[in-house]
Amino acid sequence: GSRCSIKHLYEGPGSTAFETHWVEQYPDDLLDSFKDQREWKSHALLQLWTLRLSGNEFRAWSLCVYSIRIQSTLLKAVLKEMFKGYPGLSFELKKVNFVRPFLPFFHRWGALEQIIQQAAGKPVDSNLPEFDTESIVHTKLLYDILCKEFEKDFVHLKDLTQHGLITFDYLWALFKPDDLIVDASGPHLVVHKFESGKYEGRKTMGFDGDFEMEYFYKKKDSPDSFSVHSRYVDWDGKRFGLGSCCPNIEKFNGTRLVNSLPAYPLSFHEAPDELRKTLVQRGRKFEVLRGRKYKSYKGTVMAPYGRNTVEGRIIIDCEAYFQNMEGERLHLDDLPTSPLDILAISEPQITEFITFEVPRLSEEQLLLCHTLLRGYCLATKTWAIFDLECISGIRWDDEAFPSLILPGDYKELILAFVESQFQHKQNFDDVIAGKGQGVVILLSGGPGLGKTLTAEALAEKLRTPLYSVSAGELGSSSGSIEVILENILQLVTMWNAVLLLDEADIFLQQRDLKDLERNRVVAIFLRMLEYYKGVLFLTTNRVATLDSAFESRIHLTLHYPDLDLAAKRRIWTNLLQLSKRPLDIEEKELDELARYDLNGRQIKNVVKTAWLLADRYNKPVTADNLKTVLRI
Numbered sequence: 001g002s003r004c005s006i007k008h009l010y011e012g013p014g015s016t017a018f019e020t021h022w023v024e025q026y027p028d029d030l031l032d033s034f035k036d037q038r039e040w041k042s043h044a045l046l047q048l049w050t051l052r053l054s055g056n057e058f059r060a061w062s063l064c065v066y067s068i069r070i071q072s073t074l075l076k077a078v079l080k081e082m083f084k085g086y087p088g089l090s091f092e093l094k095k096v097n098f099v100r101p102f103l104p105f106f107h108r109w110g111a112l113e114q115i116i117q118q119a120a121g122k123p124v125d126s127n128l129p130e131f132d133t134e135s136i137v138h139t140k141l142l143y144d145i146l147c148k149e150f151e152k153d154f155v156h157l158k159d160l161t162q163h164g165l166i167t168f169d170y171l172w173a174l175f176k177p178d179d180l181i182v183d184a185s186g187p188h189l190v191v192h193k194f195e196s197g198k199y200e201g202r203k204t205m206g207f208d209g210d211f212e213m214e215y216f217y218k219k220k221d222s223p224d225s226f227s228v229h230s231r232y233v234d235w236d237g238k239r240f241g242l243g244s245c246c247p248n249i250e251k252f253n254g255t256r257l258v259n260s261l262p263a264y265p266l267s268f269h270e271a272p273d274e275l276r277k278t279l280v281q282r283g284r285k286f287e288v289l290r291g292r293k294y295k296s297y298k299g300t301v302m303a304p305y306g307r308n309t310v311e312g313r314i315i316i317d318c319e320a321y322f323q324n325m326e327g328e329r330l331h332l333d334d335l336p337t338s339p340l341d342i343l344a345i346s347e348p349q350i351t352e353f354i355t356f357e358v359p360r361l362s363e364e365q366l367l368l369c370h371t372l373l374r375g376y377c378l379a380t381k382t383w384a385i386f387d388l389e390c391i392s393g394i395r396w397d398d399e400a401f402p403s404l405i406l407p408g409d410y411k412e413l414i415l416a417f418v419e420s421q422f423q424h425k426q427n428f429d430d431v432i433a434g435k436g437q438g439v440v441i442l443l444s445g446g447p448g449l450g451k452t453l454t455a456e457a458l459a460e461k462l463r464t465p466l467y468s469v470s471a472g473e474l475g476s477s478s479g480s481i482e483v484i485l486e487n488i489l490q491l492v493t494m495w496n497a498v499l500l501l502d503e504a505d506i507f508l509q510q511r512d513l514k515d516l517e518r519n520r521v522v523a524i525f526l527r528m529l530e531y532y533k534g535v536l537f538l539t540t541n542r543v544a545t546l547d548s549a550f551e552s553r554i555h556l557t558l559h560y561p562d563l564d565l566a567a568k569r570r571i572w573t574n575l576l577q578l579s580k581r582p583l584d585i586e587e588k589e590l591d592e593l594a595r596y597d598l599n600g601r602q603i604k605n606v607v608k609t610a611w612l613l614a615d616r617y618n619k620p621v622t623a624d625n626l627k628t629v630l631r632i
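Residue numbers 1 to 632, in this note's numbering, belong to the letters of the sequence shown in order.
The hints are simulated quantities; they were obtained by calculation from the structure and are not laboratory data. Source: prediction; values computed, not measured. No residue lacks a Cβ here, since even glycine has one placed at the ideal position from N, Cα and C. Errors might be hidden in some of the hints.
Claimed, not checked - Restricting the straight-line Cα-Cα distance to at most 30 Å, the calculated cross-link-like pairs of lysine-lysine (DSBU-like) are:
| hint | residue 1 | residue 2 |
| --- | --- | --- |
| 1 | 238 | 285 |
| 2 | 533 | 604 |
| 3 | 277 | 84 |
| 4 | 76 | 94 |
| 5 | 619 | 604 |
| 6 | 285 | 461 |
| 7 | 295 | 277 |
| 8 | 176 | 152 |
| 9 | 176 | 381 |
| 10 | 176 | 158 |
| 11 | 176 | 251 |
| 12 | 251 | 238 |
| 13 | 80 | 176 |
| 14 | 411 | 604 |
| 15 | 604 | 295 |
| 16 | 295 | 285 |
| 17 | 533 | 411 |
| 18 | 238 | 295 |
| 19 | 84 | 148 |
| 20 | 152 | 140 |
| 21 | 381 | 298 |
| 22 | 608 | 588 |
| 23 | 80 | 95 |
| 24 | 295 | 533 |
| 25 | 461 | 533 |
| 26 | 198 | 176 |
| 27 | 122 | 198 |
| 28 | 608 | 295 |
| 29 | 238 | 277 |
| 30 | 198 | 84 |
Stated by the list, open to error - DEER-style ranges, computed between Cβ atoms:
| hint | residue 1 | residue 2 | range |
| --- | --- | --- | --- |
| 31 | 97 | 129 | 20 to 30 Å |
| 32 | 372 | 616 | 49 to 59 Å |
| 33 | 62 | 129 | 37 to 47 Å |
| 34 | 395 | 274 | 24 to 34 Å |
| 35 | 148 | 127 | 48 to 58 Å |
| 36 | 476 | 196 | 51 to 61 Å |
| 37 | 89 | 463 | 53 to 63 Å |
| 38 | 307 | 154 | 44 to 54 Å |
Construct the entire structure; sequences and hints are all you get.
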């Protein structure tokens, strides 16, 4: 419309919940419906009024503004500039309607006032262009309507927020699109970007200035609430993107402190600048830890079987997490990025994989970063979701390998084999491409002689993950063994880890024509060994029954003899020194302890129990403590 005027229309007779009939006559009796709408189109604005229940009197009705239709092309141009960047609005349409309670204008009220002030020659925000006089006159019509609509809301809201308070019915005015909000609904404070808010559990057909309902319904057994739809930055294994979340604010009576709500604007936090600085730092940690990382963890994890407390090593690998967790997906929207701000990600000591590039996060995006990372828990052998705050660097045990007690030159031989494999794994190939690139080491001997400890100490020495699995965990049928073992070999290769297959006798024993199922298991294992590209330790107690086909697949076989007196004495000494309690043990007593017929695992258990006994009385560990345990 080009006429600088407002046309008032009123809800007429015959209106239903699905269709409203508008009339231009003030509805004294609501009888005559206005049919010809051609004259309406000439006005800059259409102001549509509707009936509402007023007060507590039965069938007491009054009029309130239902919506405002923008018809002026001049006004549309002004509002297009004023609402630049505001989500969900388009001024290209012929009909631009704003419905009560007119939230966009409430959120951009400051900009609207500055446009009106241009007529008086007052300075305005540099983000706003200068408008001609006629455009401002059209805008003033809208401004005058909204002043009447918002007058009570502005006064009441200002009174509340000046004291840091809010009521449930004014939550709609508290949050503005693209505002930074604090989400306090989880274990850690996080900052998200507000997108939209919605009252849940109620159906509204019209509102007065206090956002009260005329008609409403309540869902059975569901309290009224206000849902806060917001966005945060997450990682899906290949890229950063925007995820969605929706903390709820349940209905409350009276007033509440804004910063006591499950979600509230960052400006209401007691120390917003300090919180922002802390969360940006946490975001940098999140950014660094994407990709594949080998880390230490102490805290609660979310796994398929529920929450569990874990203390141990983990591998952060979001991409592999979603590949192995059927039904779980993370849908992220694209982040705005700059092509010049690129950061390569890779972790050579974990895995050799193709390096790809992702955009570096801006400071605001770092602020919005999630607090959860996905990956694999080596302690529980489960895929899990980790709390960023509980992840730390690994404290390597530099004494693990030097203190390892092995016969002769075993340590140097094993270290040379494995180090060479990590450094030159692509330099040797079989006649057939992809075969023969791995190293398989067989450790044989009785229990408690250090076979498992050898693999653990070597992985610690090389600063690489150790994936330990027993044959019993792979299942009993050839089908399950093939599926599970193939998945493990893929993961271990990808993570550049050392694989320890403990108690591997079922795979290594001589095949028997009468046991076809075990023959299939051995055949499957032989085939997988040929194409495995990593380091594999096999442990067995019965090397004498080794199938002849393994002779060409195993690169190094080491037999662990029973411990002699000197070896057992060194084990006693090493374990007692690691107990971190004062010792009161003489050399001759160590000689006496070494004469007991024990293996390394049994000695470790004795030392641990004696340590607990001494700790109970806050005394040094003595030979008597150890002998007491041995007598049990």
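Do the alpha carbons of residue 176 and residue 251 lie within 30 Å of each other, as the hint requires?
-> 20 Å, holds
Are residue 461 and residue 533 close enough, with their CA atoms no more than 30 Å apart?
-> 20 Å, holds
For the pair supplied as a hint, residue 176 and residue 158, confirm whether the alpha-carbon distance does not exceed 30 Å.
-> 15 Å, holds
Pair hint residue 277 and residue 84, alpha-carbon separation not exceeding 30 Å | The hint holds at about 29 Å.
Is it true that the CA of residue 176 sits at most 30 Å from the CA of residue 152?
-> 19 Å, holds
Is the Cα-Cα distance between residue 251 and residue 238 30 Å or less?
-> It is violated: about 40 Å lies between the C-alpha atoms, which goes past 30 Å.
Pairwise hint evaluation, residue 140 against residue 152, where the allowed Cα distance is 30 Å at most | Holds. Residue 152 to residue 140 sits at ~19 Å (cutoff 30 Å).
Proposed proximity, residue 176 with residue 198 (alpha carbon, max 30 Å) | 12 Å, holds
Quick one: are residue 307 and residue 154 within 44 to 54 Å, going by C-beta?
-> 46 Å, holds
Hinted pair residue 80 and residue 95, Cα distance within 30 Å | 14 Å, holds
Given pair status - residue 148, residue 84, alpha carbons within 30 Å | 25 Å, holds
Pairwise beta carbon distance, residue 97 to residue 129, judged against the given window 20 to 30 Å | 25 Å, holds
In this structure, the hints that do not hold are numbers 2, 9, 12, 27, 32, 35, in rising order.
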